[in-house]
Amino acid sequence: MSIFTRIYAPRDYSLTGASRAHAEEIGLASAEWYHSDVPRKEMKALMQRSDGPAIRDTVIWLGLLVLTGIGGCYFWGTWACVPFFFVYGLLYGSACDSRWHEAGHGTAFKTPWMNDVVYQIASFMVMRNPTTWRWSHARHHTNTIIVGLDPEIGFMRPPRIVMAALNFIGIPFIFYDLRTLARHAFVGLNEGEKTYIPESERYKAVFWARLHIAIYVATILLAIGLHSWLPLMLIGGPRIYGCWHMYMTGLIQHGGLAEDVVDHRLNSRTVYMNPVSRWLYWNMNYHVEHHMFPMVPYHALPRLHEAIKHDLPAPNPSIYAAYVEMTRALLRQRKDPTHYARKALPATARPYRDEFHEIEVAREGV
Amino acid sequence: MAWIDACGVDDIDAEDLIRFDHGGATYAIYHAPDGTFHATDGLCTHEQVHLCNGLVDGDTIECPKHNGRFNYRTGAALRAPVCIDLKRHPVRVVGDRVEIELG
Ligand code: FES
Numbered sequence: 001m002s003i004f005t006r007i008y009a010p011r012d013y014s015l016t017g018a019s020r021a022h023a024e025e026i027g028l029a030s031a032e033w034y035h036s037d038v039p040r041k042e043m044k045a046l047m048q049r050s051d052g053p054a055i056r057d058t059v060i061w062l063g064l065l066v067l068t069g070i071g072g073c074y075f076w077g078t079w080a081c082v083p084f085f086f087v088y089g090l091l092y093g094s095a096c097d098s099r100w101h102e103a104g105h106g107t108a109f110k111t112p113w114m115n116d117v118v119y120q121i122a123s124f125m126v127m128r129n130p131t132t133w134r135w136s137h138a139r140h141h142t143n144t145i146i147v148g149l150d151p152e153i154g155f156m157r158p159p160r161i162v163m164a165a166l167n168f169i170g171i172p173f174i175f176y177d178l179r180t181l182a183r184h185a186f187v188g189l190n191e192g193e194k195t196y197i198p199e200s201e202r203y204k205a206v207f208w209a210r211l212h213i214a215i216y217v218a219t220i221l222l223a224i225g226l227h228s229w230l231p232l233m234l235i236g237g238p239r240i241y242g243c244w245h246m247y248m249t250g251l252i253q254h255g256g257l258a259e260d261v262v263d264h265r266l267n268s269r270t271v272y273m274n275p276v277s278r279w280l281y282w283n284m285n286y287h288v289e290h291h292m293f294p295m296v297p298y299h300a301l302p303r304l305h306e307a308i309k310h311d312l313p314a315p316n317p318s319i320y321a322a323y324v325e326m327t328r329a330l331l332r333q334r335k336d337p338t339h340y341a342r343k344a345l346p347a348t349a350r351p352y353r354d355e356f357h358e359i360e361v362a363r364e365g366v
Numbered sequence: 001m002a003w004i005d006a007c008g009v010d011d012i013d014a015e016d017l018i019r020f021d022h023g024g025a026t027y028a029i030y031h032a033p034d035g036t037f038h039a040t041d042g043l044c045t046h047e048q049v050h051l052c053n054g055l056v057d058g059d060t061i062e063c064p065k066h067n068g069r070f071n072y073r074t075g076a077a078l079r080a081p082v083c084i085d086l087k088r089h090p091v092r093v094v095g096d097r098v099e100i101e102l103g
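Those protein sequence lines, which keep their order, are chains A and B.
For the first sequence, the tail end lands on 366 under our numbering, and the numbers increase by one without skipping.
For the second sequence, the tail end lands on 103 under our numbering, and the numbers increase by one without skipping.
Derived from the structure by calculation, the hints contain no laboratory data.
All residues carry an ideal CB built from backbone N, CA and C; glycine is no exception.
Just to be clear, a hint being listed does not mean it is correct.
Computed beta-carbon distance windows for the label pairs [claimed, not checked]:
| no. | chain 1 | residue 1 | chain 2 | residue 2 | range |
| --- | --- | --- | --- | --- | --- |
| 1 | A | Arg303 | B | Thr36 | 23 to 33 Å |
| 2 | B | Leu78 | A | Arg210 | 21 to 31 Å |
| 3 | B | Thr36 | A | Pro172 | 49 to 59 Å |
Mimicking DSBU-like on lysine-lysine, the simulated pairs with C-alpha atoms at most 35 Å apart in a straight line are [as the list claims (entries may be wrong)]:
| no. | chain 1 | residue 1 | chain 2 | residue 2 |
| --- | --- | --- | --- | --- |
| 4 | B | Lys87 | A | Lys41 |
| 5 | A | Lys44 | A | Lys309 |
| 6 | B | Lys87 | A | Lys194 |
| 7 | A | Lys204 | B | Lys87 |
Construct the entire structure; sequences and hints are all you get.
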């Protein structure tokens, strides 16, 4: 049996199934990942924390949320409320993801409590249990797109493209997210979650889930009491009508790229974007760089990119170009789940752990 | 227990750390901002990643893999995903050398 056959047949994405056992068996679970060389002094400078950029961005973020929320309420019932809720939704339903992410890493601010406060607020907005997702994201960084180990694989093969497209309007995923919160609040963690959340942390997951559910129930009761959708336009609703940018940027992080490689250059995508998207996304368009060096704060990622880009695949020049690359790969994966967009490393790059990269070579020969 | 020569005092920048391997084990030696030296086990208690590529900030060391934090003076785990404290080791400076007590 070739390594190709063993890796790709069949794909079981659960965290307790055959793929997990196989990934552990061949050493993917504890593999050493590729890192570009950056001199220690330079890396220390890149990793330095600072409160300034994140305080500025958070004041703008929350300030605009309040202003556009007030505008939306003021003009509620007229077409004039639409632009206000367009911006409000984007700030609530999309920017929350990058704030959740960066504060969760503890790299947004230098001051720990500031990270914690923004993390909790953003977790609520993005409808994620702050405890379970903190641990799932740690696992995602340990085992990025390793089947059976990574709980955050966006596209499982063969991909469900229509369902992915529905992400842009938050349906039906908002209901999955609410159902998950309700399960955490009243039933508990499932077996997959227990594989990455230590017992000592599980009670926190229950507490936060109950708090989030209580706020949503209060909002719904208020909407019923007022006979108005307005409370839901302000709380919870933006996760439907404002989440499109979060998914637009999030799906291309790893979509259509290789599974089961221990080199972020092959399973993650760096995409050049317009400045508004980069602000909403807090520079997570430099996704290879972030995965390779998660200690580097969002505001230093452009500098990190300049320092190591000679060792990375060419970035996708635009969001559109990334979608073309990803969509082609996904369409082929519907018929051939072993297909993926193969990232070409520059001639100057140092390949690493060839035994894993041979998975690609074998696939190419099929 | 014995005092083992680990490095020179100038081998570690202020507010930084280095890796020191001895007897099949790995350690982290820190140069605190106040000029004192400290030592802990070299691997993070979360997923056994070398701390030497992490970031020293005041009294804390941040793990390079998932940003878990420890106080390297006390070994205390400060931030998830680290939950288990780091083992400390005594350190002394003799002349311009840093020694770590291991047993
Ligand atoms: S390995 Fe250190 S925080 Fe996870």
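Hints violated by the structure (numbers, ascending): none
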